[in-house]
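In the order they appear, the protein sequences are chains G and L.
At position 399 of the first sequence (counting the first as 1) the number is 407 in the numbering used here, and the numbers step up by one without a gap.
At position 19 of the second sequence (counting the first as 1) the number is 1206 in the numbering used here, and the numbers step up by one without a gap.
Since the hints were made in silico from the structure, they are not lab data.
Please note that the accuracy of each hint is not assured.
Short derived list, chain G residues pointing at chain L, Cβ under 7 angstroms [unchecked claim]:
| hint | residue |
| --- | --- |
| 1 | Leu226 |
| 2 | Ile287 |
| 3 | Asn410 |
Glycine is no exception: its CB is placed at the ideal position from the N, C-alpha and C atoms.
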Amino acid sequence: MNLLDYLVLFSTMLGIAAYGIWRTRGRRDLHRYLKGDGNTRWFVIGLSVMATQASAITFLSTPGQGYESGLGFVQNYFGAPFALIIISIVFLPIYRRLNVYTAYEYLGKRFDGKTRLLGAGLFLLQRGLGAGITIYAPAIVLSTVMGWRLDLTIVLSGLVAIAYTVWGGSAAVNVTQKYQIGVIFIGMIAAFVVLLMKLPTDLRFTDSLALAGGFQKLNGVDYSLNVRSRYTFWSGLLGGMFLALSYFGTDQSQVQRYLTGASLRESRLGLMFNAVLKIPMQFFILLLGVLLFVFYQFQPPPVYFNDAAWNAELHGKSGASLRAIDQEFAAAHTARKDLIEKWVDARHSHNPTAEAHARDEAIAADARVQSIRQQARKALHDANPGASANDSDYMFISFIINFLPHGLIGLLVAVFFAAALSSKAAELNALGATTTIDIYRHLVNRQASDAHFVAASRLFTVFWGVVALGVALFANLVENLIQATNILGSIFYGVVLGLFLTAFFFKRVGGTAVFWGALAAQLLVFVLYFTLNISYLWYNVIGCAALIAFACAIQWVVKRSSIERRGFPAILENPQSS
Amino acid sequence: MSSNRQNSSDATSAQPDGDDRDRTTSLPLLRSWPAVYLFVTGAFVVWVFLLTVLQRMFS
């Protein structure tokens, strides 16, 4: 990165943050601080919901996923449109009618205090732990590639997000997300165009697709019923729908975004905006990765995309074997490139037999290339057991650094920071709001003034920001942590969704039945998680269905009054609508 | 049970929000909400169809 890149990066990021602070100065009443001015239009809500979901790792990792595995990951989002329709019809009108600040406040109104605390507690647990990863995951990639200090990257990006979220609350998050997602769109489209321009001039777009298809990178829909396969049409549609229902419908970081709408109509249209655009957006990012794969069929790729980790060992005691792998890889790439050019020539000469033959040869040559890459990963791991075995997160950033012109490099790095800040700010905003409304105002201080609760909300936002920075600074096993966060989400989301679906559709089920049903369902999910080997998406369905079944059974079997007498402290039992 | 019923009742009888303006979408072609939901479903079907065609054409 040169001066121009840094200028683009800092002016974009700090400019947007400063504008957010300036636009939302002087927020002193709780409603405006947590819900904005109540005049947000559907387009801004739509962008805000989108920006909250898309974190930096989405834009860093997803192209790498497209490069390695093709388009299959898009199926993860197949359930999202239907989930958003259900939220628009069922969840949203209730939240707005009750004028709640948080989704868990509704649980308190519908059931009781302990169920509200359970919902809020599960959210704070999983989102609080995940908040550090939102900053840490992109920071480790960017600091490694750019040679920046990891702790400084984490602290600076974290402090910017904390500053404008604490200062302007929900409105600041909305205002900044609008421009951050603009930066993201412009940057990603620019990268896509540059990538297309960098492909060989005699390679038509249909040739690129044919090459990608030949290597099975265009397999976007798998209709098989294999429950062990991570992404299929059915797991995406059903499991993905439950995941999206839980995330968009009950996760406060999303609920808070669309509750800022000027009216029910604006909030609904904001959700429908995402229902239409979610799948094409993910498709576009994955296609970028697929085309990156095609690009590296002609341009020599590194044997391992994390150059810094590879080069560090290249000069160590394993250097000789790594250099030998490098040479072997370069030769295998050249052989594959020659065969691919033969394949493209056969296509252009409209000779199907020659094309099929050249294609088979190129696929065999690619298998050789992939085998050497595996060898390189193993050799690197042997040389440095602490080195990551996965370099897919570095594929896109490696292309950006090596092939994009200056200025655009700064813009693309700004894309990653914009995505990190936008999702981070929404998370902090939601964590602060939930702690203030569902814990502090509910359990500690119910009668204070608005100014007091705004101050408390700011304090809790800072608290969660510091927790996130702490997790990010002391996390040094990123792969395990990301995996742990995803597992945590998939384990809890189904049960949280079950709480809300029971509230909406099972009017006879009361708070105690649903509370114990939730604990039993959560236990069942834990047991199944450790005993079954199925796609994690299915745990959303299982957790939700189990909770509803248990809650209905408990309500039917046990007399509610006898349970409540040996239940909870009065303050947890007391339903109130604070 | 009574407190539950009370809560359920609270959850459905709070301030009304049935604004007339919320009943229409204000979109030029998709004026009713069922039309919007149908459009979203149609867009999903089109995307899955296009993905399947892309896969079949170039595999």
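Comparing the hints with the structure gives:
Taking 7 angstroms as the C-beta cut-off, the interface hint given for G/Leu226 holds, the closest approach to chain L being about 5 angstroms. The interface hint given for G/Ile287 holds, since its Cβ lies 5 angstroms from the closest Cβ of chain L, which is under the 7 angstroms cut-off. The restraint placing G/Asn410 at the interface with chain L is violated, with a minimum CB-CB distance near 28 angstroms, outside the 7 angstroms limit.
The structure does not agree with numbered hint 3 stated previously, though it agrees with all others.
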